[in-house]
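**Q** Residue numbers (this note's numbering), protein chains in the order written: chain F, 1 to 390; chain E, 1001 to 1143; chain L, 2001 to 2373.
Bear in mind the hints are in silico, worked out from the structure with no lab data behind them. Positions of the beta carbon are idealized from the N, C-alpha and C atoms, including for glycine. One or more of the hints may lead you astray.
[As the list claims (entries may be wrong)] Which chain E residues stay away from chain F? Per the calculated CB distances, all over 12 Å, these:
id	residue
1	1006
2	1018
3	1021
4	1041
5	1043
6	1050
7	1076
8	1097
9	1113
10	1120
11	1143
[Said to hold, decoys possible] Straight-line Cα separation of at most 27 Å, BS3-like style, residue types lysine-lysine; simulated pairs:
id	chain 1	residue 1	chain 2	residue 2
12	F	86	L	2291
13	L	2006	F	28
14	F	232	E	1138
15	L	2291	F	23
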Amino acid sequence: MNNKGAILPAEDGVESAVIGWLKEALSKKVFDALLIPVEVPAGDSFAYLLLRNPALLENASPLPPVMPVQGAKAISRLTMRGNGSKRVAAIVRPCEARAAIELTKLEQAHLDNLWLITVDCPGVLPLSDYLEDPVAGAARFAEASQRWDRAPMRPVCQICHHFSMPASDLHIGTLGSAEGTVFVIPGSPKGERVMENLGMPLDAALDDWAARVKEMEEVQRERRRQAHTDLKAGIAGPDGLLDVFSSCINCHNCQRVCPVCYCRQCYFESAALKLPPENYLARAGRKGALRFPPDTLLFHIGRASHMVLSCVSCGTCEDACPMSIPVAQVFSLLADRAQETFGYVAGRSLEDPLPLVAYEMDELHQVEQPYVETYHGLQIADCEQEVQDA
Amino acid sequence: MSDKQEFEPRIIYILCSWCGSGGGETAAAHHLHYPENVRPYRVNCTGALPTVHIIRPLIEGADGVAISGCHPGDCHYNDGNFRARRRVALVKSILDTLDLEPERVWFRYVAHGEGRRFVDTATEFNDHIKKLGPNPLKTRSDT
Amino acid sequence: MLEGLKINKGAEEAVRDLLRSLLESGRVSGVLALGRTGGGNGGVAYSLFTDPDAFGADGVALPLLPFMPANAGGLLSRLTLKGPLAEPVAVVVKPCELRAFIELVKRNQGSPDNLLLISSTCGGVYPLEVGANDALEERLPGYWEAVKQGELDSDIRPTCRACVHFVPDNADITVALLGEADLDTQCALYLNTEKGSAFIEGLEDLQGTPLLGELEAEPIQRSRDQRAAYREELFAGVEAGLEGLIRTFGRCIGCHACKTVCPICYCSLCYFDSQDCEYRPEVYETELERKGGLRLPPNTIFFQLGRLAHVSVSCVGCGMCTDVCPADIPLSTIFSKVGDSVQALFDYQPGRDVTEEVPLMTFEEEELVQVAT
Ligand code: SF4
Ligand code: SF4
Ligand code: SF4
Ligand code: SF4
Ligand code: SF4
Ligand code: SF4
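Work the whole structure out from these sequences, hints included.
**A** Next up, the structure:
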């Protein structure tokens, strides 16, 4: 991250300042197109639009009240088959940018010609809360985000500590800025080039922004720790865990909307788990009954083992769960612990290798079961006994 | 207590096709015995072992899963055992966070020539699982 | 006239007894029915039960619960996808679940062999939301009161209030529920097939008196009229035309949950999730040139229209799609509405008869002259 940025006037609020700035970037041909949330025709939600026509920015919002589609999914759809020839600026939430970085490492997105632009994030509302009354939802969101009050936001937004600049190319700092202004902060050489092309000298000190971010981050970290401790008490052990997932209907929507679950055909829907009836009956016979469809817990734990090192705690899974299961909270807990094991933070940088792709020779000895040869003597005695018996 | 003594665990012993299984062959050549309830499950290389193959038995009826591949530096594919170690660390982290007894998973290197170590591992793991008692997940019908 | 058995027990208890004794006597090896999951905190799922105790008085099974966590038609397909059952299994499902299964059998996605199909005259199910909020239990007394009168609780799925096929078509045994005023003390089981009678014949614990009756009595007909009227009302609310579609599906997040839970959508890899629908950046760029702006992920309307084309002929109006949609789109209303017209065109009724061919898998030389210009 740069320690200098530029100041952008924002007398009419952050949204219109950012939109104005993006319009200028489009007209100066710094970008060929924008990928940005735009209100849908019925005015009751937002969708990512790839646009080159500035008129379409009229209903665009760099900070919409909801995250119906995780932005990294949109980015991946655009660039999964390679870098495009157009320069695209994607305006996304920090967790969406982090997921885009994970997807790039997973070779499901290509960022050479795409600029990730983020804004200090107040969180988003749960989709279902918002859809109950979109107008009231938008007002509630505006009011709460003004005060940085995360109470009405999604549970994972309430405990989000990566709400500011991750590894985006350009970041809009709204924290710590003087009234009626925001910071524009380049986060990569790519981002710096854009600033240059826009004629925006990097002459503003960022200390105030950095200090406010740090302060808020510490509060959030503490909240996260507390929330995870409470959560863990509720879900621990087979009883707790099976209680949490007791109403799961196996729709796998949590997986389908998850940005880092990118597989075209998920293992848990594949032929690998579709077995002849005798198998199901035998399993039922062992346990007295077999929940059907089977493998609910296998799906959740197995999915975690596939992707939790790249989970960005974005909350999309929880938003899409028809049974209101706190999937994202559970996964954020699993993610924090697992990523800690490998000293990895999902979406921190494009350079850190994915933990399951890399390894060190000298590491993780705690999982190796030490051999102390205690069983030697015992075995010999056993064998001798057997020989004698024979 | 008496319940636990009588309890015969169901154990899956995942072995790579080179060292782990080789250890088993050496043990056989030396007529070394290991408990019958420890079922060997051979994979090409522990580095190619999907995490789901560790998790699934633990939900579907095994009381423990042990994994043996080559010693560091001996992997026939150079680094399969290091990759396996990372996966085991991941699975254990998940089980630990969920309080699902990560100690039901063991990871220990066994070389082709180490028949004794193979048999000891099977036996020691079996005793260890006996002490832990039956895996509570295996009787739950709502998994 | 239908033959059956009148049992001097409440319907819930009689059905539990039936299932328990079927398992105990070894006449079936398993029973697929609803039951509680977790530590009794409100979770409900289908299970394949083998232990008869599940159907005892304190058992976890809830065979008649008005809830549908998954369309059991899809589950029966999953159970028998790799081959028919070698041993008999009884299932207790709702009429639309049964119809969905018949449609799947026609598509070679399952086999009815060795299945004892038990269904009931259906008073509808509650939306998933009610289960998610643990509010199912408290609704039940009101639900059963209404059902006794032949009425419907107004909080059940809209698609259930609009369902005119609530009398099961292919059940071996039908449990009479709707409009049975003495539901708490009496249970009428109609034995529609020889298979149904054979399984029940001489079953201990299930003593009853022979019954000659008629399912199509006044309450059923009244309910059908009421539901048909509500169906019209519901359909009238669907916004028509391209503009209407764009407004209705504007909120769609492209999660495809609707197709995942739809029993008729059986493909293991949906066309709309396949490589055919993953495009190179140039494709988007060309589109961008042409339109000035495009939605990502793409194919929102294409998916809906495509899915309508694929499934509407067999849509059983079960309402699963609506219930799981995170964007609250009234999918099953739209699919049922389109389904009605497509089905009328081919004089086809999904789930009616397993020997009837799916219209798009067959054709007649002399038909549909109206579509040729
Ligand atoms: S998870 Fe964090 S970055 Fe993502 S929307 Fe919520 S607050 Fe913003
Ligand atoms: S979205 Fe919810 S109900 Fe569906 S599989 Fe995931 S946790 Fe289960
Ligand atoms: S698991 Fe949930 S919280 Fe984690 S990245 Fe996927 S959608 Fe986001
Ligand atoms: S759960 Fe695993 S197999 Fe399924 S989509 Fe996610 S990463 Fe892929
Ligand atoms: S479930 Fe709803 S949001 Fe998801 S694809 Fe279907 S219509 Fe769209
Ligand atoms: S389209 Fe909807 S209502 Fe029709 S069968 Fe599928 S899930 Fe049921």
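**Q** Looking back at the numbered hints, which does the structure fail to meet, lowest number first?
**A** Result: hints 6, 8, 10, 11 and 13 break, sorted rising.
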